[in-house]
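Whenever a hint applies, use it, and build me the whole structure from the sequences.
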Amino acid sequence: GAVVSQHPSRVICKSGTSVKIECRSLDFQATTMFWYRQFPKKSLMLMATSNEGSKATYEQGVEKDKFLINHASLTLSTLTVTSAHPEDSSFYICSAPTSGRSYNEQFFGPGTRLTVL
Amino acid sequence: AQSVTQLGSHVSVSEGALVLLRCNYSSSVPPYLFWYVQYPNQGLQLLLKYTTGATLVKGINGFEAEFKKSETSFHLTKPSAHMSDAAEYFCAVTWNQGGKLIFGQGTELSVKP
Chain A
1 GAVVSQHPSR VICKSGTSVK IECRSLDFQA TTMFWYRQFP KKSLMLMATS
51 NEGSKATYEQ GVEKDKFLIN HASLTLSTLT VTSAHPEDSS FYICSAPTSG
101 RSYNEQFFGP GTRLTVL
Chain B
1 AQSVTQLGSH VSVSEGALVL LRCNYSSSVP PYLFWYVQYP NQGLQLLLKY
51 TTGATLVKGI NGFEAEFKKS ETSFHLTKPS AHMSDAAEYF CAVTWNQGGK
101 LIFGQGTELS VKP
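If you read the protein sequences in the order shown, they are chains A and B. FYI, the working numbering numbers position 10 of the first sequence as 10, with every residue one higher than the one before it. FYI, the working numbering numbers position 66 of the second sequence as 66, with every residue one higher than the one before it.
Hints were generated in silico from the structure; no laboratory data involved. None of the values given here were measured: they were computed from a predicted structure. All residues carry an ideal CB built from backbone N, CA and C; glycine is no exception. Possibly wrong hints are sitting among the right ones.
Said to hold, decoys possible - DSS-like, lysine-lysine: derived pairs with alpha carbons at most 25 Å apart:
#1 B:LYS49 to A:LYS42
#2 A:LYS41 to B:LYS49
#3 A:LYS66 to B:LYS100
Said to hold, decoys possible - Just a sample of chain A residues kept apart from chain B, beta carbon distances all over 10 Å, derived:
#4 LYS14
#5 SER15
#6 GLY16
#7 LYS20
#8 GLU22
#9 PHE28
#10 GLY53
#11 SER54
#12 LYS55
#13 LYS64
#14 LEU68
#15 ALA72
#16 THR75
#17 LEU76
Right, here's the structure in full:
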């Protein structure tokens, strides 16, 4: 199957700093990628849809200025958590759908654990 | 609003026993249906999916699920649980090809020796 990577896998930062998380589709191109946030023992919450060459589409309640998304190429989307605070600590997961099939199956990255001190 | 419900946030079975994890969706239009498994601190791995065709779908690790339109359900089963099946399981649906997924709340499966 297709492979999606995330970097870093784990990051610890101080409150007030910004953190960038990368999501890459390694063996296929993705014009769309999705960013999720997962709290402990909770389900995945869709934050935004990343669109190559255009602005991201954010879900209701997600702060655009805090969670900056850039879809720089057909294989890379980045999520930047700006001025991070402890409440931003979470597990962030990206996914990317493949194309060219009857159904565009989504493949998930391994996730990034963010801890804000 | 369209939604997905997983009945039971935690299911515990004995090793070798039947595993049944329930998933229902709310919509008159059948969606594409998925089951994912997540191990601690890892991403999601697709177990199986239903898009079209046969309503009984077989997946990896001995799991299978049956799409029942009349019941708007897509329950996940495995005849005999193994210790390695202990994980979090998510049911997800979408009504658009390649579109965003709507996830259920998740069910944590514990397997007792």
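Hints violated by the structure (listed by number, smallest first): Hints that this structure does not satisfy do not exist here, as all of them hold.
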